[in-house]
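Visitor: One line per chain: the protein sequences are Z and U, in this order. Take the first sequence: its position 77, counted from the start at 1, is 76 in numbering that gives the first Met the number 0, and no numbers get skipped. Take the second sequence: its position 132, counted from the start at 1, is 131 in numbering that gives the first Met the number 0, and no numbers get skipped.
If you're looking for bench data, these hints aren't it; they were derived computationally from the structure. Since the model is a prediction, treat every value here as computed from it, not as a measurement. Here a beta-carbon is modelled for each residue, glycine too, at the ideal position from N, C-alpha and C. Don't take every hint at face value.
[To be verified] Covered by chain Z, per the in silico footprint, the following chain U stretches (three or more residues, Cβ under 8 Å):
#1 34 to 45
#2 72 to 82
#3 94 to 101
#4 109 to 121
One letter stands for each residue in the lines below.
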Amino acid sequence: MPAPGRQPVYKEADVSEIESRGYAHPDVLVSTDWVARHLDDPGVRIIESNEDPLLYSSGHLPGAVEVDWTRDLNDPVRRDYLGREGFEALLRRLGIARETTIVFYGDRNNWWATYACWVFQLFGHDNAKIMDGGRIKWVNEGRPLTRDLPRHPASDYRAAERDDHRIRAFRDEVLRHVETKGHLIDVRSPAEYTGERLHMPDYPNEGALRGGHIPGAANVPWARAVNAEDGTFKTAEELKAIYEGEARLQPDDDVIVYCRIGERSSHTWFVLTHLLGYSKVRNYDGSWTEWGNLVGAPIER
Amino acid sequence: MPETPAKLASLLETLGLISDRGERIQLLIDVAERFRDVPPQIARRPFPEEHKVPACESEAYVWGTPRADGTLDFHFAVENPQGISAKAMAVILGDTLSGALLEQVAAVAPDVVYQIFGRELSMGKSMGLMGMVSMVNHLAKRSFTLQST
């Protein structure tokens, strides 16, 4: 998505409703109408990214390619994301050039779409947008889906090195953040935040040995940022009431967000950074599966 | 250790022969299309919480109804219209575990989901699908215990 001060690639009449919501960077969102009109636009590549591995193959937007978080964005051995060469190969395969406008969408109210978007921004590909309302809105509007796999010519994309400092946080940084009483947002459910065990016998407990939350973290479940009825993002005023009114954040705060593995928190990262214009938000992708297993790490319940 | 129920073992053998990911996904989509909600004579909305699979993002529900021979028929509901993997899992569990020996059903390992869907599942998705298996395990164990006392 365009960085602050940069001209968006498209700015059309149909974004006026999105603009009316008062976001800091309204050009990061596009409507389903906008996407419908750009399905055949060679300057736009639509990417579906889902939690459910069967969904894309069961039907996707015409021309959309798939980015699978597990197969495409993760290092196959280490717990880390792909490196520069892997990212370059991925974007070349998807036929994406540096100037291509990427539109992400997906299931779970764009939870995985924002995750993919966050990983793309680690490599500096900020010419990207999110389709407001995600896959379910498109489907509920009766718009077309296809099982035909698109054929886009490969590109010669050249990626920048991954920058892990700007929007990503690691455990030692989180620990320092705790010690200096920095702002932390835990976007998991209240039951995960409080460390309440899941009640069913033999059920795995969130992949962590300890339950609870990082000391000082406020609990703002990620899905509060979207309208339940259609999956669109809430207005800036409504978002400010949540993040500034309840969680006491301010746009200049240094904020770290986390969840279980960094996927839900990337959604909140997107909201704070792009919709509310916060200047320093980092996603701690180690999240609870790292913190809750870390020997000696401070935990609050 | 009880044996894997015969129908499930047969399905796993078939899936094991499919090395192409796309082919496996297509097969599972076809399976999901056979999904039918729990019959209204067994449960109606709003479904009781005790039948809900914990932490399943697709809001899956499971019921076990007894057969004359003491085994169970399994029924499912999946409230998320995009929960296609959960629907496929429900069809597989219903088809392969209904009527199977309760000791065998109770012993089906939740990580069978990886044999069905492959290793490339997110943690949340695998936990939700494993939760469906665990719920079926739980119903079988409870029924077996009741019959033993």
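Visitor: For each hint given before, does the structure comply? Return the numbers of the non-compliant ones in rising order.
Guide: Checked against the structure, the hints that fail are numbers 1, 3, while the rest are satisfied.
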